[in-house]
Every structure is written in structure tokens, then in C-alpha cells.
Amino acid sequence: MSTTVSPVYEWNALPWRTLEQDVYKLQKRIFRASQRGETKTVHRLQRLLMKSWAGRCLAVRKVTQDNRGKKTAGVDGVKRLTLPQRLQLAHDLAVTTKAHPVRRVWIPKPGTREKRGLGIPTIRNRAEQTLVRLALEPEWEAHFEPNSYGFRPGRSCHDAIEAIFHDICRKPKYVLDADIAACFDRLDQRALVRKLHPFPALGRVIRGWLKAGVWDGVDFKPTVTGVQQGSPLSPLLANVALHGLETDVQAAFPSRYTRNGQVHRHWKPTVVKYADDFVVLHEDRAVIEQVEQLIAEWLSGIGLELKAEKTRMCHTLAPHDGIEVGFDFLGFEVRQYRVGYHRSGRLHQGFKTIIKPSKAAQKRHIKETGQIVHRYRTAPQAALIAALNPVIRGWSRYYATVISSEVFSTMETRLHGQLRRWSRRRHPNKSARWIARRYWHTEGQRHWVFGCKGAGRLRRHGETPIKRHVKVRSEASLYDGNLLYWATRLGRHPELPSSRAALLKRQQGRCAHCGLLFATMDDVMENDHCVPRAHNGTNAPHNRQLLHGHCHDEKTAREQSLAK
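Numbering (the working numbering), first residue to last: 7 to 570.
Among the hints, a few may not be true.
[Unchecked claim] Simulated pairs of lysine-lysine, BS3-like, Cα-Cα distance not exceeding 27 Å:
#	residue 1	residue 2
1	K511	K561
2	K561	K76
3	K177	K365
4	K201	K46
[Stated by the list, open to error] Derived Cβ-Cβ restraints for the label pairs, each shown as a range:
#	residue 1	residue 2	range
5	R192	Q27	33 to 43 Å
6	F259	G462	50 to 60 Å
7	K358	A257	28 to 38 Å
8	T416	R53	53 to 63 Å
9	R430	A292	53 to 63 Å
10	I360	R192	29 to 39 Å
11	G450	V84	47 to 57 Å
12	Q27	P538	27 to 37 Å
13	G462	R383	16 to 26 Å
Keep in mind that the hints were calculated from the coordinates and are not lab data.
In this text, a Cβ means the ideal position worked out from N, Cα and C, and glycines have one as well.
Start from the sequences and build out the full structure, keeping to the hints where you can.
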């Protein structure tokens, strides 16, 4: 593959389809070489990718067009780049330049009063880190453990929940529900770079990024430990740092054991990890207690420790030392219930596994809808409906893979009470019957439909169908070349809106502009009108198509230039 500088192009006229294919071919070669254990080949291909024109262009496009935080400025104050500036950045991009300090931004943690600090690098450093991630991610995807699901392409929270369900659905187990204290802030940088084991030049660059320092307002703070959240490379580095936890925990226990003269199998505990949150499952309490000590020792080797107030042991079916049955993980409540009765009235030993939205997640959702209703207390009904529908749709789709029907009904009841108070506040001198006729109407068998003519109606939580999620294959990777598998999974992803799923099916999983497959939810997908609304295009489904975010930008720019 040629690594020479591209001829002079306009940014939107670059051959993006060819560039993406070139980068993906290199990533597949890195993945396969890493599987074979050929370290020298991996490093050679990584250097080739980071110097290639295709890799540099894609890195700049991801930072300046695809990333949701693309308009966030670093310490240099630069928020956006013009098209010529993007082209110039791609021309000059290299991973050998000096690292700039990051700008600290504080955002609230959901459900708590605490705040999480994000480190925002400059646009140039973000592009450099994205380029390095393009090269490093295929190497580590060949080695990551099967039950690691956080910040990995093609894997999600729902895969982690399904892994837990598959492990406990046949036998109740003890659970170590653990959380790592300040994982991103306390991580040992030297241990991380040793584990990453890049080629020397790349290792020096990564160490420079890790030690670049932070500007928090007017105060500068050196970064001796930790990885800055908010940078493109930090999720991958965190996964690399925690890689090996599952393997080392299972290696400490035999695959067989003898009890009462009988040989039993599958004595190894199950570890399910999502970023810095994880659970350990096993049928023996003594094993869970031993695992907690092993994990504490393992984490100390990379400068981390368990968070005592968020680490506990419980059981999925029976009470344990006064602790409630079950546990919460990724916003889901996981527990088991005894079922079945004998003729004598005694309870059978049967059980069923119930996973549903956690009580904390329900409270957060009710609080969020209440805040929206309060914010729109003087706005028209149509504006309130437009603000509530995306929140209801997103929350319902996230929990539509588990047993959520009763919870959805409860959420509808609570929201109805909020809307009743909203309507009474607007008309304190009107009767309840008058208010009901004004804001609610009947549709078919339903008599309390919150809506108005011309603005549609409020979406119900229960409209979202409950459908079990299929867990990703443990050995599958986005870089193994089987894009058809990933495109098929994307069409059935629980968080993909039904309108986009229908467009994906009609377009056979491909972007209508560039023709490349949509592979994961990380791909920015945007609805586009085939015939623009300005040219009397309708909003009907046949006039809609699904495009990559950057393809949508390119199409819009071309239409505007033709209009001139």
C-alpha cells in the first residue's frame, strides 16, 4: 500500500470509499498477525497504517465530523476546522509531535451528586490518538477475553447481561458485585505501557500523552498516574490495563474437583466485565471470598483497588447475611425467584431468573421526565411531546431485552401523574373534565392518549416490544472480515430505532451514498431525504435513506454547491 502524500483534493472530493477499504484491509492483517503471535509483523503493519494517507484522513474525519464532541475545544481554544484546514491537518498528521496538556471539564455522574472529570485534548492530539487507536485496536481485539464487553466495537451492555443470564439460568450462584475505585485516575502508567508493549517510538508518544498534564481552570496539574477520560485512546488503554483479569482468576481454580468421592467439573468462576465494572459468579461462597482477595492483589499490581462501598457479595436466589437477594449491573436488576408448589403446599426447589430495570434506573427516568415536564410548564403541548418522546423511546428500547412489561406500565402511570399536574397548573380555574378533553383523546381502545392535532401523540413505554437479545459470539471480532455477521446483528440491535432498522433492511445494511456496510452502533447513522424538503420532498418512508454522518455532510455540501 502506498504511503505517499495524496495529490491535491478538495476534502469532500476525497475517494473515501477507497480510503476506508485500504485501512480496513490493513486492520485485518494486523488482527491476523496478532492472532498468530507475530509481533514484528504487527508492529510493521501498525507503522504502515499510521503513516498511510488513508489512515490519516480517516482519523481527521472521525475527530472533526463523526465524533459527538467534535466542537469541544482543548487548551488551544480551537473548536472546529474548515475543509482546507482538515486537509492540511491530514497532510501534516504524525504521531511524533509534542503532546499538549488537556483541558479538564466536569460533568455530573447520573444518580449522584458527584462529578466526573473529563480531559479534552486539542484537535490535533485527538486526531493523533485516533490514528493510534486505528492501529492498536485490531492487535488487542485478537487477545481480549471473551467476557469483556465495555468499549469494544460490536459489543454492548446487553451482551454482558445475556452472559450473566446464560451463566445463572440453570443454577443459582453467589455473586461478587465489584467496582474499581477511580480506575482512570489511579492507573499505573508504567505498568500500562509495559502491558501495551508497543514499538519503542509509539511507546514514547503514548507516555508523552499520559504525562501531558491537565489545565483545570487556571490551575495546572501534572498527571503522574491515570489515563484521562475523554480522549479517543483512553477506553482502549483501560481495557488493555484490565486485560488478563478473567484469565488469571480462572487459572487459580481447577477445572475439576472432588466432593464426596465424586468428580465434578466446571469449578472455575465466571467473570463478566464491562469497562471498570465487573461481577464474578460461582456456586460456592468460599470461592467468591477467595476471588475477592485474588482480584484485590491483581489490581494492586497496576495501582488500583476495589471500591469498598460498592463491592459486596450476594446470592441470586437466597438471602445472604442480611443482604438483599440479587444485584444491580449496568442499570439492570438481576435476581431469581422460587417457583412451583407441591401438593402438600411445600415449596419446590425450582426457580426462575428475572432481569428487569433496576429501581435506581426507574427513579432516574422518572426524575428526568419530571424535569422535562417542569422545564416545559409554559410551553405548548406539541413542544412537550417532542421533548418527551425521544427520552421515552430511548429508555424503553434499552430495557426492551429483559422482563420489563410491568415496569413500563409503572412508568406510564407515573408519567401520567406528572402530565395531569402539568395540565392543572396551566388551567387552575377549569374543571378536570375540561382539562381532560383538551389534552387527552381516544384512539381505538385507549381513552387516555396525550396528544393534539398536528403534533402527534405521546409515546407509550409499552409500545416497545419485548425481544430477547442474542449475545455476541465470544470469538467474533469486527476485524475478522465477517462484516455480514456484524451488519446482521446491527439490524437487530435493541437500541436501534425501528425506522432506521427498516431503512437498513431496505438498503441491505449499506450506506445509500458510499455503499459500505454499517457494522456497529459506533457508525454514525443519519436519516436523509432523497428529495430535499426544500424541493417539495415528502417525509414519507420511500423518500428517506440512511447515510453515514460524513456521507450526509458530503451530500448536503454538494446539494448546496449545485443550488448556487
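Each hint tested on the structure:
About 22 Å separates the Cα atoms of K511 and K561, which keeps this hinted pair within 27 Å; it holds. Restraint check for K561 and K76: the C-alpha separation of about 20 Å stays at or below 27 Å, so the hint holds. Between K177 and K365, the direct Cα distance comes to roughly 25 Å. Compliance with the 27 Å bound is thereby established for this hinted pair. Under the criterion of a C-alpha separation no larger than 27 Å, the hint pairing K201 with K46 is consistent with the structure, at around 16 Å.
A hinted range of 33 to 43 Å holds for the C-beta pair R192 and Q27, which are about 41 Å apart. At roughly 56 Å, the beta carbons of F259 and G462 sit within the given window of 50 to 60 Å. In this structure, K358 and A257 meet the distance hint of 28 to 38 Å, their C-beta atoms being roughly 33 Å apart. At roughly 56 Å, the beta carbons of T416 and R53 sit within the given window of 53 to 63 Å.
For the pair R430 and A292, the supplied restraint of 53 to 63 Å holds, since their beta-carbon distance comes to about 58 Å. Checked against the given bound of 29 to 39 Å, the beta carbons of I360 and R192, roughly 36 Å apart, stay inside it. Take G450 and V84: their Cβ atoms lie about 54 Å apart, and the range 47 to 57 Å holds. For the pair Q27 and P538, the beta carbons lie near 29 Å from each other, so the given range of 27 to 37 Å is met.
About 20 Å separates the C-beta atoms of G462 and R383, a value consistent with the hinted range of 16 to 26 Å.
Hint compliance for this structure: no hint is broken.
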